[in-house]
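A.B. asks: Using the working numbering, you'd call the opening residue of the sequence shown number 4 and step up by one each time.
None of these hints come from the bench; they were simulated from the model. Be careful, since some hints might not be right.
As the list claims (entries may be wrong) - Straight-line Cα separation of at most 27 Å, DSS-like style, residue types lysine-lysine; simulated pairs: (1) Lys255 to Lys112; (2) Lys145 to Lys253; (3) Lys112 to Lys209; (4) Lys209 to Lys253; (5) Lys167 to Lys255; (6) Lys39 to Lys218; (7) Lys228 to Lys167; (8) Lys218 to Lys228.
None of the values given here were measured: they were computed from a predicted structure.
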Amino acid sequence: MAQNEIKEDKSQPSTSNPVGISLPLRSFSSCEITPKIDIEISLSSPTHCFTRPLAPTIYLGLTLLPNPSPPSSPNAITLYTEDTPLCPERALSRAGFTITDLTTHEPIKLTNIRNVQRMANPKRRTRGSLEEHYFLTLYPGKRVELSAEFGRRGFRPQPWSTVKIGRELDEAGNPRNIRRSASVTGVDGLEPGHEYEIGLNTEDLKGIMWAPAAKEDILLERGYKEPGAGLMDYPWVRDQPLEYRVRTTKIKVLHEEEDT
């Protein structure tokens, strides 16, 4: 199912270079040590039933692990998370999660929409830009929590028997002539009576670019449009993947609600 990207707001301040703003002169082709990140996945409920109107919330708890011996870890690292597993709302439609059916021991085919074009404006690293949201800074030992609805946002989750048809439903539950993804999106498309393990796409995690600096040291002031303000003008570390320890979680899909 096609998905439209939000267009960038063109009503920006003056294009002149604000006084006092200078571009960083540092270069990060690599880092002395490879930072390690612990990621704990959890859900607001360990079960789901399709009689519920909403999908559970999924949480990603991220902690930059201190290095126990010299050299020490950076004081901060910043990751650019757009279209990566660390942007959970987008990861749901880009196979950023992994789901394994523990009943059949088979991986589940997930919704994977990667052909969306967003070329209206170049990506920037300025405050107030659409990209600012994707700059994620981690500090050693301090947990950061990300969350998203673990399903199609704004739609009631449906079981696989409905999802595989690839059509939206009307209020009476009948298929409409409106196409939708025929793959699993979070709990949308899972099967009652099955238990699943939820993880992250480790290959996509390896592709996340990062820098040993806080986002405040990377972002330029609002209105900066001179050369050097582009996202890729910054010296990101791209050939030294971060190390991740991902702790998965499980969810059981019920035929009907359990008595409490």
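A.B. asks: For every hint, state whether the structure bears it out.
C.D. replies: Hints, one by one, checked against the model:
no., hint, in the structure
1, Lys255 to Lys112, "holds (18 Å)"
2, Lys145 to Lys253, "holds (25 Å)"
3, Lys112 to Lys209, "holds (21 Å)"
4, Lys209 to Lys253, "holds (23 Å)"
5, Lys167 to Lys255, "holds (20 Å)"
6, Lys39 to Lys218, "holds (18 Å)"
7, Lys228 to Lys167, "violated (47 Å)"
8, Lys218 to Lys228, "holds (18 Å)"
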